[in-house]
Amino acid sequence: MSEIQIPGNDHDLRTALLDANIPTLLMVMTQLSGDDRWMAARYQPAPILVPEGSLFPDDSGGYSDELAEEIRSAAFDMLIELRDQGGVLPPAPSLERMRQMMEFSTAEPLEDEFCAMLLEETNFVDRDDQWRAQMDRALQGGQVEGFNVLVVGAGMSGICTAVKLKDAGIPFTILEKNEAVGGTWYENSYPDCGVDTPNHFYSFSFERNPNWSGYFSKRDELRAYFEDCTDKFGIRDAIQFNTEVQSMHFDADSKQWQVLVQRPDGTAETLTANVVVSAVGQLNRPNIPDLAGLDQFEGEHFHSARWRHDVDLEGKRVAVIGTGCSAVQLLPKTAAKAAHLTVFQRSPHWISPNKDYYRPVEKGLIWALNHIPCYAEWHRARMIFSAMDRNWPAVSADPNWDQPQRAMSELNDGLREALTGYISEHLGDRQDLMPQCVPEFPVFGKRLIIDNNWYETVSSDNVDLVSEEIVAVTPTGIETADGTLIEVDVIIYATGFNTNKFLWPMEVTGRTGTTLSDRWGDYPRAYKGMLVPDYPNLFSLYGPNTNIVHGGSIIYSIECQVHYMMQCLALMIGRQAGVLEIPEAINDEYNDEVQAISQQLAWGHSGVQSWYKNSDGKVVNNSPFSNLEFWQRTHDAEPNRYQLS
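All the letters of the sequence shown, read from the start, carry residue numbers 0 to 644 under numbering that gives the first Met the number 0.
Be a bit skeptical, because a hint or two may be false.
[To be verified] Beta-carbon label-pair distances, calculated as ranges: (1) P582 <-> E313: 36 to 44 Å; (2) L138 <-> Q642: 32 to 40 Å; (3) W400 <-> F240: 37 to 45 Å; (4) T511 <-> N369: 34 to 42 Å.
[Said to hold, decoys possible] Derived lysine to aspartate or glutamate pairs resembling DMTMM-like cross-links, with alpha carbons at most 25 Å apart: (5) K332 <-> D230; (6) K336 <-> E361; (7) K362 <-> D587; (8) K362 <-> E583; (9) K315 <-> E583; (10) K612 <-> E583; (11) K217 <-> D388; (12) K315 <-> E297; (13) K176 <-> D219; (14) K500 <-> E486; (15) K176 <-> E297; (16) K617 <-> E588; (17) K336 <-> D230; (18) K231 <-> D250.
No lab work stands behind these hints, which were simulated from the structure alone.
Computed from a prediction, not measured in an experiment: that's the story for all the values here.
No residue lacks a Cβ here, since even glycine has one placed at the ideal position from N, Cα and C.
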């Protein structure tokens with residue numbers, strides 16, 4: 000057991016307790032003392048609900064000032080005693096105990112499976128022990144020999160993979176096309192670029208960051224986090240920067256992947272590996288719209304993911320094409336510089352308020368996360384409870400709902416009404432913009448975008464919102480379908496990425512000589528988003544049907560996939576298998592299920608036109624499962640489902 004060490008003086012602790020969440024604090028007190036009196040009915044928090052007339056959930060517990068002070072005072076006395084007299088950390092809660100404490104803390108009944116997931120996500124339980132035990136049995140005290148892995152990409156997924164491979168003692172190399180780690184957080188640097196998941200959840204479970212400056216941090220801090228992870232876990236020396244994969248093919252004779260790379264000096268080299276892990280993500284190849292006359296434009300033009308910091312927007316006439324997440328984030332600060340800004344919109348998005356979006360993390364809370372024993376674990380547990388699957392009931396179609404074109408269910412329609420009211424309120428005097436700002440598709444048909452004063456910006460005097468279709472770009476501006484020519488000096492494409500071309504532009508050739516692009520066309524599909532028949536020993540992280548829409552953290556999803564993959568590698572090593580491949584029939588069965596479920600979810604709705612779908616309307620990007628179910632489906636490898644040879 001670890002010794003408890005609490006630094007600081009009485010003032011530090013009192014300040015931290017003022018900023019601490021009371022229901023979280025009660026869990027800390029219960030665990031440290033082993034005394035269930037802190038879970039008595041007197042201290043039962045109110046449920047985490049959205050108060051009537053609000054869009055924000057209240058997780059404060061609803062305590063009176065007197066009761067809150069009583070709890071803080073008792074916590075102060077308990078922690079002072081531990082600080083001055085010492086103690087040891089109590090053992091992690093059992094599954095039954097975790098459920099008991101979380102049910103008290105949230106005032107809701109919870110499934111055992113959800114609490115088992117929380118034990119791993121809080122690191123009360125080390126999820127890696129599962130594959131470590133399998134690897135230990137496979138190696139029987141020896142070392143991994145004659146087995147190596149190539150990881151393509153040093154973003155969030157590649158870093159997570161590398162940390163686990165190093166832990167397992169499996170030789171690996173990371174190939175990164177950029178000059179630094181971070182992936183999307185390296186490449187995107189547009190104004191106000193940031194995350195739309197609470198930071199304390201958007202971080203690895205094995206490397207929580209107690210020092211986030213904001214609840215939704217911005218790009219520079221996110222990039223620094225991944226840089227720090229790279230150094231802390233000692234994987235930087237395994238990364239080959241400025242090295243881009245051109246193609247790869249599986250050699251059936253040697254049972255290895257032959258990977259052709261381009262080095263920084265332009266020379267080509269072929270590398271070999273037993274296993275390749277694609278960690279390239281979905282949001283890394285910008286999509287430039289195919290507009291007539293684009294090459295004739297005389298001004299500056301660039302994609303938001305390749306932001307031109309050398310282009311001065313001060314006093315310019317600026318066009319922003321697109322109204323997705325990047326456009327919403329960059330718009331207010333861009334509009335503040337531009338003399339005039341025109342937003343070209345294909346369709347509006349649902350945009351949700353969040354009271355914490357620009358709120359800095361309180362200094363006392365940062366201290367608590369760093370120094371109060373077990374506080375960070377319970378803070379993360381309750382955040383996951385609030386931020387992960389709470390919206391899932393509003394995602395699925397109710398077959399008895401009588402207005403299926405506007406909403407999925409009565410619950411989903413209630414969200415539509417609340418968000419529509421929010422839009423109207425924040426447009427103020429510009430109610431004429433309501434038809435352009437209220438989407439026709441159901442809420443969660445596309446991922447909710449967090450509001451950063453979007454409506455106030457588009458309704459300001461120097462901003463125009465244009466919904467007419469763009470027909471051409473002229474040397475001096477943009478022409479729309481109604482014949483209007485809007486003259487601009489700069490065009491910014493906030494038009495997303497080539498998301499449905501997974502692993503593109505790499506040419507990936509399988510066992511039988513078929514390229515992945517030919518096999519998939521515009522219908523990419525993989526078993527659990529990772530494994531593809533005819534492409535043995537290839538794991539695609541953040542692959543088809545793994546994107547999340549309703550809430551949660553993509554880091555959570557990646558950790559689920561990496562956990563599954565590590566078990567597969569342990570299986571290969573243990574059985575001395577040169578090949579692990581998913582059979583065609585099992586892949587088809589899984590993806591038929593994915594499509595059947597997807598058609599009944601908001602993002603599969605017939606009124607949704609988005610990058611989530613292919614040309615046939617099949618959902619190829621998004622997971623059809625709640626975050627909990629995705630964890631369940633990827634938690635245990637399935638030896639009997641693979642072809643091992």
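Verification of the supplied hints:
1. A C-beta distance of roughly 59 Å is found between P582 and E313, which places it outside the suggested range of 36 to 44 Å.
2. Checked against the hint of 32 to 40 Å, the C-beta distance between L138 and Q642 comes to roughly 23 Å, which is inconsistent with it.
3. At about 52 Å, the CB distance of W400 to F240 disagrees with the hint of 37 to 45 Å.
4. Checked against the hint of 34 to 42 Å, the pair T511 and N369 fails, with Cβ atoms roughly 54 Å apart.
5. At most 25 Å may separate the alpha-carbon atoms for a hinted pair to count; K332 and D230 exceed this at roughly 33 Å.
6. Note on K336 and E361: the hinted pairing is violated, with a Cα-Cα distance of about 31 Å set against a maximum of 25 Å.
7. With a C-alpha separation of about 52 Å, the suggested pairing of K362 with D587 is violated against the 25 Å cut-off.
8. Under the criterion of a C-alpha separation no larger than 25 Å, the hint pairing K362 with E583 is inconsistent with the structure, at around 54 Å.
9. Proposed proximity of K315 and E583 is contradicted: the alpha carbons are some 55 Å apart, above 25 Å.
10. Only pairs whose Cα atoms come within 25 Å are accepted, and K612 paired with E583 is accepted, the gap being roughly 22 Å.
11. Taken as a hint, the K217 and D388 pair is honoured in the structure, with Cα atoms around 24 Å apart against an allowance of 25 Å.
12. Straight-line distance between C-alpha atoms of K315 and E297 comes to about 14 Å, which keeps the hinted pair within the 25 Å bound.
13. In summary, the hint linking K176 to D219 is supported, as the alpha carbons are separated by about 20 Å, within the 25 Å threshold.
14. Proximity of K500 to E486 is assessed by CA-CA distance (about 34 Å); at most 25 Å being required, the pair is judged violated.
15. Annotation: proposed proximity of K176 to E297 is violated, straight-line Cα distance about 31 Å (limit 25 Å).
16. A C-alpha spacing of about 15 Å is found between K617 and E588, which places the hinted pair at or below 25 Å, so the restraint holds.
17. For the hint linking K336 to D230, the alpha-carbon distance of about 37 Å lies beyond 25 Å, and the restraint is violated.
18. Straight-line distance between C-alpha atoms of K231 and D250 comes to about 36 Å, which puts the hinted pair past the 25 Å bound.
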